[in-house]
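Novice: Chains as they are written, first to last, in the working numbering: chain A, 463 to 682; chain B, 463 to 682; chain C, 463 to 682; chain D, 463 to 682; chain E, 463 to 682; chain F, 463 to 682.
Take the hints with a grain of salt, since some may be wrong.
What the hints assert, rightly or not - Here's a subset of chain F near chain E, in silico, CB distances under 7 angstroms, partners left out:
#1 Met463
#2 Thr501
#3 Leu507
#4 Arg509
Hints in this document: simulated from the structure, not taken from any laboratory. None of the values given here were measured: they were computed from a predicted structure. Just so you know, even glycine gets a beta-carbon here, dropped at the ideal spot from N, CA and C.
Protein chains: 6
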Amino acid sequence: MHPEGSVLVEFGATRVLCTASVTEGVPRWRKGSGLGWVTAEYAMLPRATTTRSDRESVKGRIGGRTHEISRLIGRSLRACLDLAALGENSIMVDCDVLQADGGTRTAAITGGYVAVADAVAWLGRKRALSGKPEAALHRSVAAVSVGIIGGEPRLDLCYEEDVIADVDMNIVCTGTGDFVEVQGTGEQSVFKRAELDALVDLGAAGCAALTELQRKALAS
Amino acid sequence: MHPEGSVLVEFGATRVLCTASVTEGVPRWRKGSGLGWVTAEYAMLPRATTTRSDRESVKGRIGGRTHEISRLIGRSLRACLDLAALGENSIMVDCDVLQADGGTRTAAITGGYVAVADAVAWLGRKRALSGKPEAALHRSVAAVSVGIIGGEPRLDLCYEEDVIADVDMNIVCTGTGDFVEVQGTGEQSVFKRAELDALVDLGAAGCAALTELQRKALAS
Amino acid sequence: MHPEGSVLVEFGATRVLCTASVTEGVPRWRKGSGLGWVTAEYAMLPRATTTRSDRESVKGRIGGRTHEISRLIGRSLRACLDLAALGENSIMVDCDVLQADGGTRTAAITGGYVAVADAVAWLGRKRALSGKPEAALHRSVAAVSVGIIGGEPRLDLCYEEDVIADVDMNIVCTGTGDFVEVQGTGEQSVFKRAELDALVDLGAAGCAALTELQRKALAS
Amino acid sequence: MHPEGSVLVEFGATRVLCTASVTEGVPRWRKGSGLGWVTAEYAMLPRATTTRSDRESVKGRIGGRTHEISRLIGRSLRACLDLAALGENSIMVDCDVLQADGGTRTAAITGGYVAVADAVAWLGRKRALSGKPEAALHRSVAAVSVGIIGGEPRLDLCYEEDVIADVDMNIVCTGTGDFVEVQGTGEQSVFKRAELDALVDLGAAGCAALTELQRKALAS
Amino acid sequence: MHPEGSVLVEFGATRVLCTASVTEGVPRWRKGSGLGWVTAEYAMLPRATTTRSDRESVKGRIGGRTHEISRLIGRSLRACLDLAALGENSIMVDCDVLQADGGTRTAAITGGYVAVADAVAWLGRKRALSGKPEAALHRSVAAVSVGIIGGEPRLDLCYEEDVIADVDMNIVCTGTGDFVEVQGTGEQSVFKRAELDALVDLGAAGCAALTELQRKALAS
Amino acid sequence: MHPEGSVLVEFGATRVLCTASVTEGVPRWRKGSGLGWVTAEYAMLPRATTTRSDRESVKGRIGGRTHEISRLIGRSLRACLDLAALGENSIMVDCDVLQADGGTRTAAITGGYVAVADAVAWLGRKRALSGKPEAALHRSVAAVSVGIIGGEPRLDLCYEEDVIADVDMNIVCTGTGDFVEVQGTGEQSVFKRAELDALVDLGAAGCAALTELQRKALAS
């Protein structure tokens, strides 16, 4: 009801509420630059997972995983925007995981883009942008998680698959198929160049499919 | 999907997700007492309100209002339960406000009761209770907010009414009409004994109506 | 020696040091409003109680009980004051429990009022109020704790009584007998409407007696 | 009322409440050593000084000055005790400054010794010591602050003198005139060897006078 | 002098002190698993950079960048080890940046491997491993940063190059040329598949050269 | 490479990296005073000692020992400077212990002086001082630790000696032999006046020798 942009993303059993909050003005250190500012915060409700985790507010500190994911979402969403055309406005994207079953960070990026697009449109209607809305939002982004399970590349791992995956990769692409971020990690085992290539191909294809869904969601 | 008890409460535009998480055993200081333990945590998503508030996890500390409400919910829900019949099990009730429009704490208590009832039933099916489920959950509770606006007692204030109310009262009753908690405050102005009585009557009637809705929800 | 208003309250074995500190000006978000600001902080010395509790400064966080009580004191003391007549001055009331034997929060409110009255008089002598002192301090407040023990309503519970009480209620009244705050809780057991009425009557009478004592203290 | 040892020290306008709390047993890392444990915590009420300081519990962290003073008091009071004769008991000494006018840390040590002596006597009556009370409390300690003002050595500086002193020294002595701690600092200016000697002489004489007062206080 | 493994890495003007500290036993939740535990902490001295940054200990919280890098180093170093052959021993790797000029995280991984190898050898000499040292340390790892500047792929970016790079990638490889981690990000601009391939090739070659240097360092 | 003043001090096996960072301007509360500001922060790398200690950044709070030492270093280095001749410039001195074997705080002061002298010279070359460099840096300071072991006064205790010392004293002197700070503590045992005198003599002689070394270091 309240936010300038808001979307509830569902990927399998994963549910992420992405909201974009607009503030006029930018943080003090950026004032007078003519550039906007976009940042993101990711969090999980305590019982989004199979066993309850303690709240980070109760622990009094934010864990490393939360920090790492918030930073990834923020970088990915800044890639959508021409900060000069956005003008001195700030967009804060909150991604709160209500229910988790794998792929929460990539769902957050994919949904976060839709919330940002809504917020830019809202700014456009208020005539608060420096440029046109389509100049401010100059790219779309979407993200998927891919992995290798039993030697096989797989798209959109659910939690149980994620746990047994040998390699786990997050791919963030633009709507025109360029890469914004590629993060592959093989903690359980290492991976060969051919596997890297296969995962990147699979991820890029997955992002293309999501881009289509985003277009439909924004058109309606 | 994951919790032992879970309900999404809607009161007007207010939306609160209440989940009950069961752990076998109790905190160390209570071990060997034969008694269970129930506690609650309340939180708001940053953009549940008309303007975004900073996350308490980011600020590194929980505010006084959050503490006060979490304690109220915990006391109210402990009143439902016979902790000896519950046995040495712990129930943690998380009440996360997704969208706020007044009455979030009373919605959390009313929904929290349903989540606790589900969790007790789940423990009963697992034969993990010391007593029977109906002994463990020996009362129902429901809560409403009432207030005086322009001299008139009113039930279920939305956010805009809450702001202008002269007196604001939260009433928690059992399903048999007894009182668990009565909290009336008149920060803007003070209130007379007759006004107190009128608010208590109105609140008790409101709780009775909610008790009926809870019965239907649990029956289905 | 130092504060603008200061009083050591003794209720039975309970001792609370209440001081009021005046600062010219108000917090930034309130500047230019013409209104004053009053807030309160409650704390216990570590060995105010029968067993020592850890300092909240050492734990690095303030507990929920402390927050809840500080907020109650602040609300009650703001009810005494016409913030427009106070002008843009801030009063911080510190209530530090040196020795605790039940009823510390109500003792803090009752003593806090005397400290605030001293501070308003001090501001009046300095000609720093927007209105007259008697306009700024437009009501007196006093508070008592009441409870039901073994079916019997009782005034001013000491610690041992408080622990065994079935119902526990804090009543804050003005000098003219109106209510500022009514907080009744029946964690151990629930309470009936007749019990609520009896407790409210008893509390109001207790507050009236304290109002008399406050008048004498301020007159001397 | 509650603590095992308790004393309210008055030095000029300075008031420090010193309490000693006894716990059977010692921290885990010291278990089985046969040795006791003594530690101290120093704090100021927010309005002990001419202008109010924020509470360290509210700031969420303890300042360097508080840490430094707590450590000095703890070291000084451990010098009184034979930790083997004390046995595996812990004594926590809380020194809370109610009103400050210079010399709070030395007042805390001098008063803390009396509280510790009370606590050891209490342990003796409970037959909880490994040795005799006079073996456990094998020395007395007292402390004074001395300084040089306008070239003149001075004992017991009040706040206004402390601020203008060229050199500031805290001396902790035993009842037999030996030194436990000597801390001299000349931030505003440096000091010569002859000045150091004069301050140490003056401080030792001051401690001897306080030792006499402690004896009388404990005898009564 | 003190640690079980220690190395000072120099990459250009970057200086990172990597130490490996061994503790017998593993964290409680891992006890009885037969598996070892390896984790890493990364930090910068406040004046490692051109302008001083505040200490994270003074700020009271660890920043997102520090968390993200510590986690990357930990994952990379766990890839070196067969945790079953390590047995229930813990290795903590501290990477402290004394002077920073780009590539600190990859320098930390490359140096951290040498410190871990020393620590495993130390455990082997103490006969504290479950398996043989060469089974416990079953792979080597090395890391480089690569980037695209002005359309050109470049190895080992110094700070000034890093700031202007269009794409920035960290590559972690084993001594046999497999990938452990690939992290590419194009915040300023996006990148094409061909650029991704070129960066991966360049990074893998860089890691191979470092593997050679590590072998020599460990042989001496 | 980066700091305005920087020195790596070696005292026995102790290694402390001291850097001085200059900022134009002073903290807000000091603006317009015409005076400069100097402060110091001391820290240990986690594995500077024989067993690893947890990072204070990870614990989220700075320990009492760290605070106490940082304050001592700051006071000692402010004694070197005429803050009016320094003008409104701030110098932050960071003392990071890379390897510890006793005497880290006195090494930090001795090295910190050299870093401050470099920073003042740097300010002089930039013509940013209010007075001349030799007016701004009007004294030199050096510090040593002395102690009594087995009845014998000893200079420069290493860690193993420090642990068994009966009395432990830190002496800070100016280049002309005046005292800046004298801190003697006899936690294990107390000390007599004659022992105090012997330690002060020994410490003053030690500082004189270090002053000579500082002169040579700064001359080169």
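Novice: Verify the interface restraint on Arg509 of chain F: the C-beta must sit less than 7 angstroms from at least one C-beta of chain E.
Specialist: holds (4 angstroms)
Novice: Measuring from the C-beta of Thr501 of chain F to each C-beta in chain E, is the shortest one below 7 angstroms?
Specialist: Interface hint status for Thr501 of chain F: violated (11 angstroms vs cutoff 7 angstroms).
Novice: Using the nearest Cβ pair, does Leu507 of chain F come within less than 7 angstroms of chain E?
Specialist: holds (5 angstroms)
Novice: Measuring from the C-beta of Met463 of chain F to each C-beta in chain E, is the shortest one below 7 angstroms?
Specialist: This hint holds: Met463 of chain F lies near chain E, its Cβ roughly 6 angstroms from the closest one there, short of 7 angstroms.
Violated hints amount to a single one, hint 2; each of the other numbered hints is respected by the structure.
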